Amino acid sequence: MRLLSLPILVLAALLAGSLPSRAAPPPVKQAVPAAPPTAAVAPGEAASAPQPVSASARRIYDKSRNELLQIRTLLKQADSQASVGSGFVVSDDGRIITNYHVVSQFALEPERYRLRFSTTDGQEGALELLDIDARHDLAILRPVAADAKLIAGRGALQFRPRTEPLSKGDRIYSMGKPLDVAFSIVEGNYNGLVERSFDPLIYYAGSINAGMSGGPVVDEDGKVVGINVSAMILAQQMSFLVPGPFAEDLYKKSRDAKPITTAVWSRLRDQVMAYQEELTQAFIKQPWRSAGPGRYRLPVPQEDFMRCWGGGSAADSKGLEYQRTQCRMEHALYINGSLQTGYLDVQHENYDGSKLGALRFAKIYSASFRNERMGFSNKVSTAPFCREEFVDRDGLPLRAVVCLSAYRKLEGLYSLSVLVTTVDASTEGALGRFNAPGVSFDNALKLTAHYLDGFSRAVKP
Amino acid sequence: MSSNHKGVIEILGRDGQVRAVFKPELLQGQPVRIGRSPACDIVLDDTHLAGEHAELRATETGVEIALLPSLNGGWLGDHRLKVGESAPLGPEANFQLGAVHMRWRSAAAPLSPEVPLAQHLHRSVPRSLWWGPLLILLWVALMTLDRWLASDPGSKPIDYAWPLLKPVMLALTWAAVWALITQLFQHRFPFGKHLRRVLIWLCVMEGLEYLLPGLAYAFSLPRLGALTELISPAAATFLVWWHASLVWPRARRSMGIAMGVLLIGGLGLSMAQRTDEQYLYGPRYLSALPPPVLRMAKPVPPTKLLDEVRDMRGELDQMAKKDNDTPTGSEDDD
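Just so you know, the protein sequences line up as chains A and B, in that order. Under the numbering used here, the residue at position 317 of the first sequence is numbered 317, and the numbers go up by one with no gaps. Under the numbering used here, the residue at position 116 of the second sequence is numbered 116, and the numbers go up by one with no gaps.
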């Protein structure tokens, strides 16, 4: 396929938004200890020119400041921080919730990194990781025994009861320490759940910046409704929160878990494995939608948890006319800085070359087919291994290429890409591509079969 | 007159090649003079020579050289010849007068054997003259087709001008450079011959570009793609060898071996870089989609393809274990 449509790229930035805590602050600020210079300026300004601050934000912050923490990942042997995020205390015995992606460096390389917290009143201590929930990008921590007293007794944020859902427009408050600058509170509005998302994700109309990941978002009563997780770049005030109940579940499940001391690859693998099983089953259960006019019926997924975008050639094109559709899940599982997985992506292009003639069409069709990137061997996964055949789908001949690469550290999980072109007409064709990173081998086969099933000749009306 | 008196004086260039041959008539009592003066029998144009520099004399036993008065004198082999000195030349001898290298070769000296001719030198010129324009036309026609296929309907003829002219100019330059190299070593300029070779090569390559993917598609032979990729470096090597064998015809065999070794070495290196890939050579999948009438292979049911994919698992898992330095399952799950 020759072009990737722009809107999809912009939306995909949602994923990049889950990286903020990793974005290194400007070098100058990095060298400065978290509190003094910045903190010295801020109160000064506040004193000289009193702002009409929101009274409730001040009230909420005062109420939650004891439970609010910064979570720092530091190199084991040095005091330089590799990434910063936020977190909060959820129990009197000092259990702490943050994002998995805030602690992922430690979780995957505990021999190279260590975790530390710092409180709003400048106390610091070491942390232990108890468990992770990669699917919901959550992690639970506790201070090491020696530093437990710094956290215990500070109080705990309560979760808003599940029986009291928020309404669209409700004011909620996000807290954290953006870019390691200063602890802060940001007002915004609850806007319900993100539509067409496989797992629930709260759409928060407020600004979340790098470093706030893992921080709590509370309602007017100071009860936790969600956890800062990501923001859409190139958009204004579009941020996303993990719903509070998932964090509550993780706390209940793992509050007394043994601290993690070795890399969590096998735990991650099990979590992704369970997730892809659920996702694959839900996806295969859905029938394909018909792809509109033309010679073929092409696989277009339901938009229950995928979002579709389309485009095409200019109407006055002298050459090839095409229509393009891309449907993908916009939420992926964050594993580490170089791997996000566990989503589905279905795309196709419909070509009409009647103005070109058979030979010219063959040339451009081949070029389009050749122009597909299949990935390469790297630390994360193997090179793609492919098999290809002419496949018969109810009398419609297809050229199908199935490529799989295996994840090196998530044993038993693969990244699947299926390329399909129709080869029945001399001046018409369709080129489809299906990507499913992070699936088991069996599910890769099932998904391939399901995808191939979606191709057939259009039924003449 | 004995055969010792019959012989030639060859004037040698710096490269040892013979530049001129004189056949002096050596009779006893009638010396043959060598020098710059028009009065000499062998007149040489070298300012390091005296007007009458030396003379050749027929003696009882053969021919001897005697140096007449001069500033620079001469050498017989490595032996310095002084003014007034004379020395026998024997059946064959190299000597120098002034700055001129010469060789005396008498009829008594053994002849080196006749060397077989590397190629016919005369007929090739008219033949390449015939083939040249025809080949250029064929090649340009193939390129025009290529260009036509890649353009939208209604593109202007002028759009073809540069894409066609540029390669033609390049091919002419290529042939000219090879002809110049030939000129350097063989003192001839076989432009037409080199041009013919590169044109034949270009036409064949252009044809293969369509033929091989077409065959791969027709019979569903994706690994033919690897052949296509192997052919390009092999063909490039062959072309260089083909041109070079015109320049150094006697070394064509050794050049062939040397270039073959280089080619195999290069291919080996590029394969060694791809040990992480499914295939050591060639594209990941067959991407040619010529018109469907060419398809001969019967489509298979999807389950057959899935079976093939299933068979790939062991290979893939093994590849995943390579380089996986973190032992999995080390974490004690609770």
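Treat the hints as calculated values from the structure; they're not laboratory data. Keep in mind it's a predicted model, so treat the numbers as computed, not measured. Mixed in with the good hints there might be a few duds.
[As the list claims (entries may be wrong)] Computed list of lysine-lysine pairs in DSSO-like fashion (alpha-carbon distance at most 27 Å, straight line):
1. B:Lys-156 with A:Lys-355
2. A:Lys-168 with A:Lys-285
3. B:Lys-321 with B:Lys-298
4. B:Lys-82 with B:Lys-156
5. A:Lys-63 with A:Lys-223
6. B:Lys-298 with A:Lys-379
7. A:Lys-149 with A:Lys-253
8. B:Lys-166 with B:Lys-156
9. A:Lys-149 with A:Lys-258
10. A:Lys-285 with B:Lys-82
11. A:Lys-149 with A:Lys-63
12. A:Lys-379 with A:Lys-76
13. B:Lys-156 with A:Lys-363
14. B:Lys-298 with A:Lys-446
15. A:Lys-318 with A:Lys-355
16. A:Lys-363 with B:Lys-321
17. B:Lys-82 with A:Lys-446
18. B:Lys-82 with B:Lys-6
19. B:Lys-23 with A:Lys-363
20. A:Lys-76 with A:Lys-168
21. A:Lys-252 with A:Lys-63
22. B:Lys-23 with A:Lys-318
23. B:Lys-304 with A:Lys-446
24. A:Lys-285 with A:Lys-149
25. A:Lys-223 with A:Lys-252
26. A:Lys-223 with A:Lys-168
27. A:Lys-223 with A:Lys-149
28. A:Lys-285 with A:Lys-379
29. A:Lys-363 with A:Lys-318
30. A:Lys-76 with A:Lys-258
31. A:Lys-379 with A:Lys-355
32. A:Lys-379 with B:Lys-23
Hints breached by this structure: Failing hints, ascending: 2, 3, 4, 6, 10, 16, 17, 19, 20, 22, 24, 28, 31, 32.
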